[in-house]
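J.: Residues per chain are reported as follows:
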Amino acid sequence: MSVDTSLLECVASETVYQDGAVIIEEGSKGDWLYVILEGLAKVKKRTSKGMVIIDTLKEGDVFGEIAFLEGETVSRSATVVAAEGPVRLGILDKDLLTRQYSEMSPMLRALMKSLAIKLRETTSRICSTLVSLD
Amino acid sequence: MAANKELSSVYRLKYKKGEQIFKQNDFGISIYKIVQGGVEVFRECEGIKIPIAQLGVGSILGEMIFFLKATEIRSASARATEDTEIEVWHPMELLKEYEKISPVLKVIAKQELNRLIRMNKFMDNLVIENQMASAESSANEEPWKDKRHFYRKETTLPCTYELVGSPKGARKSARGMIKNMSMTGLRLDVFSKNETLFPHNIGEVVSVKLVLPNGKGFSAQGRIVRITRNDYIASLGITFSDLPDGGRKVLGFFLLPGQERV
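Protein sequence lines correspond, in order, to chains C and Y. Reminder that position 134 of the first sequence reads as 134 in the numbering used here, one-by-one numbering, no gaps. Reminder that position 90 of the second sequence reads as 90 in the numbering used here, one-by-one numbering, no gaps.
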């Protein structure tokens, strides 16, 4: 999978995380958005039985979008860790995205936000179900 | 239900406690915002009710259909859990606006939607697997007859499996033995030493390939949802996350109770 051109045009800076390094920590504040330019990352969530892997992200995937779409008051919904070697990331131009997002009508923004809320809730529910399985 | 039309594209509806707002697989493109009351969202899959969410004031319903555009079938049902008032938005104007938003926000919305669809599917399978396990523990003499959806076939089938998402060069596959299979998942026993090849963690997605006794090839992707370890064997509970229609059919035939005698 390649990186969408519109994402590449929105990259403000690049950064590299080594294998195993934490890019985003669950529960922390922050609403930067990242796109994977090269490599892999794992999305994990804390549960009463340890960390559970929720998703594997690859080249072209955006992450950090839940906190961005929901608004600055919410904390990060999951931890993202560089996996299987270093990962090269593009940090998206937040000022530009924030402007574009706030220019949308409140209704359309509510729809985007609702997707993020549902995703956050579904992953939480998956985690609690996984924990209850044993 | 009482309609109070205020505007052509936005109007309000009232529902009594227990009334259905929309039903899974119904056609519909309207978007709903809860103004007062509460709504329960659930899906029915393989005859099992899967709770999705309890929504309160300010929550939106129907945003997935909006972003999917082409598909206009409701993925879940919604019912009022108390006397509820909702605002109904017709999506036409919003769709026009959506077409004009920046391409990068569209890419983000699209990825968000795909992730949500994937997670919902996984959640469905997980709930079914969970209910299957509890149905089995309440031992039924005729599992196929009474609990058709819970049917899990005991078997001993060799297979290969590998981690999904590993870089191509580093991809390693290992062998294991499938101990049982159902329409929603399988149990895979592997030698503990396989864990030195790649990590076996809860949540990892693996791809499993095997040949069924009838000679048909079968492959599926699933997540590790349970691991029990002893000295030599790790027993992995895997819930399917991606089962192509073809594979579903092949597996369905294999699981038919008469197949051992054929």
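Fair warning: there could be bad hints in the mix.
List time: in silico BS3-like cross-link candidates among lysine-lysine, alpha-carbon distance up to 25 Å [stated by the list, open to error]:
| hint | chain 1 | residue 1 | chain 2 | residue 2 |
| --- | --- | --- | --- | --- |
| 1 | C | 58 | Y | 216 |
| 2 | Y | 172 | Y | 100 |
| 3 | Y | 100 | Y | 69 |
| 4 | Y | 172 | C | 58 |
| 5 | C | 58 | Y | 49 |
| 6 | C | 58 | C | 94 |
| 7 | C | 94 | C | 113 |
| 8 | Y | 216 | C | 113 |
| 9 | Y | 49 | Y | 23 |
| 10 | Y | 96 | C | 45 |
| 11 | Y | 179 | C | 113 |
| 12 | C | 94 | Y | 110 |
| 13 | Y | 96 | C | 58 |
| 14 | Y | 23 | C | 113 |
| 15 | C | 113 | Y | 110 |
| 16 | Y | 69 | Y | 17 |
| 17 | Y | 193 | C | 113 |
| 18 | Y | 110 | C | 58 |
| 19 | C | 45 | Y | 23 |
| 20 | C | 113 | Y | 100 |
| 21 | C | 94 | Y | 172 |
| 22 | C | 94 | C | 49 |
| 23 | Y | 249 | C | 94 |
| 24 | Y | 193 | C | 49 |
| 25 | C | 49 | C | 113 |
| 26 | Y | 209 | Y | 179 |
| 27 | Y | 69 | C | 113 |
| 28 | Y | 193 | Y | 216 |
| 29 | C | 49 | Y | 249 |
| 30 | Y | 179 | Y | 100 |
Quick list of the computed label-pair ranges, beta carbon to beta carbon [stated by the list, open to error]:
| hint | chain 1 | residue 1 | chain 2 | residue 2 | range |
| --- | --- | --- | --- | --- | --- |
| 31 | C | 106 | Y | 249 | 28 to 36 Å |
| 32 | Y | 233 | C | 131 | 19 to 27 Å |
| 33 | C | 25 | Y | 201 | 35 to 43 Å |
| 34 | C | 19 | Y | 162 | 14 to 22 Å |
| 35 | Y | 227 | C | 96 | 30 to 38 Å |
| 36 | Y | 19 | C | 124 | 39 to 47 Å |
| 37 | C | 48 | Y | 100 | 41 to 49 Å |
| 38 | C | 13 | Y | 209 | 29 to 37 Å |
| 39 | Y | 69 | C | 106 | 16 to 24 Å |
| 40 | Y | 235 | C | 131 | 27 to 35 Å |
By construction, these hints were calculated from the structure, which means they are not laboratory data. From the three backbone atoms N, C-alpha and C, an ideal C-beta is built for every residue, glycine too.
J.: Compare the structure with each hint and give your call.
T.: For each hint, the structure was consulted:
As the CA atoms of residue 58/C and residue 216/Y are separated by approximately 32 Å, the hinted pair breaks the 25 Å bound. Restraint check for residue 172/Y and residue 100/Y: the C-alpha separation of about 45 Å exceeds 25 Å, so the hint is violated. Our distance criterion of 25 Å between C-alpha atoms is met by residue 100/Y and residue 69/Y, whose separation comes to about 15 Å. The straight-line distance between the Cα atoms of residue 172/Y and residue 58/C is roughly 18 Å, inside the 25 Å bound, and the hint therefore holds.
Between residue 58/C and residue 49/Y the alpha-carbon distance is near 33 Å, which puts this suggested pair outside the 25 Å criterion. For the proposed pair residue 58/C and residue 94/C, the alpha carbon gap of about 21 Å is at most 25 Å, so the pair holds. At roughly 16 Å between alpha-carbon atoms, residue 94/C and residue 113/C fall within 25 Å of each other, so this suggested pair holds. As the CA atoms of residue 216/Y and residue 113/C are separated by approximately 45 Å, the hinted pair breaks the 25 Å bound.
Of the pairs offered as hints, the one joining residue 49/Y and residue 23/Y holds, with about 13 Å between alpha carbons and a cut-off of 25 Å not exceeded. Between the alpha carbons of residue 96/Y and residue 45/C the distance comes to roughly 37 Å, so the proposed pair goes past 25 Å and is violated. The straight-line distance between the Cα atoms of residue 179/Y and residue 113/C is roughly 43 Å, outside the 25 Å bound, and the hint therefore fails. Of the pairs offered as hints, the one joining residue 94/C and residue 110/Y holds, with about 19 Å between alpha carbons and a cut-off of 25 Å not exceeded.
A C-alpha spacing of about 31 Å is found between residue 96/Y and residue 58/C, which places the hinted pair above 25 Å, so the restraint is violated. For the suggested pair residue 23/Y and residue 113/C, the alpha carbons sit about 23 Å apart, so the restraint of at most 25 Å is met. Only pairs whose Cα atoms come within 25 Å are accepted, and residue 113/C paired with residue 110/Y is accepted, the gap being roughly 13 Å. Restraint check for residue 69/Y and residue 17/Y: not satisfied, since their Cα atoms lie roughly 30 Å apart, outside the 25 Å limit.
A threshold of 25 Å between alpha carbons decides the hint, and for residue 193/Y with residue 113/C the separation of about 45 Å lies outside it, so the pair is violated. Note on residue 110/Y and residue 58/C: the hinted pairing holds, with a Cα-Cα distance of about 15 Å set against a maximum of 25 Å. This hinted pair does not check out: residue 45/C and residue 23/Y have alpha carbons roughly 32 Å apart, beyond 25 Å. Only pairs whose Cα atoms come within 25 Å are accepted, and residue 113/C paired with residue 100/Y is accepted, the gap being roughly 18 Å.
With a C-alpha separation of about 38 Å, the suggested pair residue 94/C and residue 172/Y falls outside the 25 Å cut-off, and the hint is violated. Of the pairs offered as hints, the one joining residue 94/C and residue 49/C is violated, with about 35 Å between alpha carbons and a cut-off of 25 Å exceeded. Of the supplied pair hints, the one linking residue 249/Y and residue 94/C is violated, its CA atoms being roughly 47 Å apart against a limit of 25 Å. As the CA atoms of residue 193/Y and residue 49/C are separated by approximately 23 Å, the hinted pair is consistent with the 25 Å bound.
Pair hint residue 49/C plus residue 113/C does not hold up; C-alpha atoms about 30 Å apart against a cutoff of 25 Å. Distance check on the hinted pair: residue 209/Y and residue 179/Y sit about 14 Å apart at the alpha-carbon level, within 25 Å; holds. At roughly 17 Å between alpha-carbon atoms, residue 69/Y and residue 113/C fall within 25 Å of each other, so this suggested pair holds. Restraint check for residue 193/Y and residue 216/Y: not satisfied, since their Cα atoms lie roughly 29 Å apart, outside the 25 Å limit.
A C-alpha spacing of about 36 Å is found between residue 49/C and residue 249/Y, which places the hinted pair above 25 Å, so the restraint is violated. Between residue 179/Y and residue 100/Y, the direct Cα distance comes to roughly 53 Å. Violation of the 25 Å bound is thereby established for this hinted pair. For the hinted restraint 28 to 36 Å between residue 106/C and residue 249/Y, the CB-CB distance of approximately 46 Å leaves it violated. Between residue 233/Y and residue 131/C the C-beta distance comes to about 23 Å, which sits within the given range of 19 to 27 Å.
Taking the beta carbon of each, residue 25/C and residue 201/Y are about 19 Å apart, not inside 35 to 43 Å as hinted. A hinted range of 14 to 22 Å for the beta carbons of residue 19/C and residue 162/Y is consistent with their spacing of about 19 Å. Distance hint check for residue 227/Y and residue 96/C: the Cβ-Cβ separation is about 44 Å, which falls outside the suggested range of 30 to 38 Å. Distance hint for residue 19/Y and residue 124/C: a CB-CB separation of about 28 Å, inconsistent with the stated range 39 to 47 Å.
Range check, residue 48/C to residue 100/Y: about 46 Å between beta-carbon atoms, so the 41 to 49 Å window is met. For the pair residue 13/C and residue 209/Y, the supplied restraint of 29 to 37 Å is violated, since their beta-carbon distance comes to about 42 Å. A C-beta distance of roughly 21 Å is found between residue 69/Y and residue 106/C, which places it inside the suggested range of 16 to 24 Å. Roughly 18 Å separates the CB atoms of residue 235/Y and residue 131/C, a value that falls outside the hinted 27 to 35 Å.
Checked against the numbered hints above, the structure breaks hints 1, 2, 5, 8, 10, 11, 13, 16, 17, 19, 21, 22, 23, 25, 28, 29, 30, 31, 33, 35, 36, 38 and 40 and satisfies the rest.
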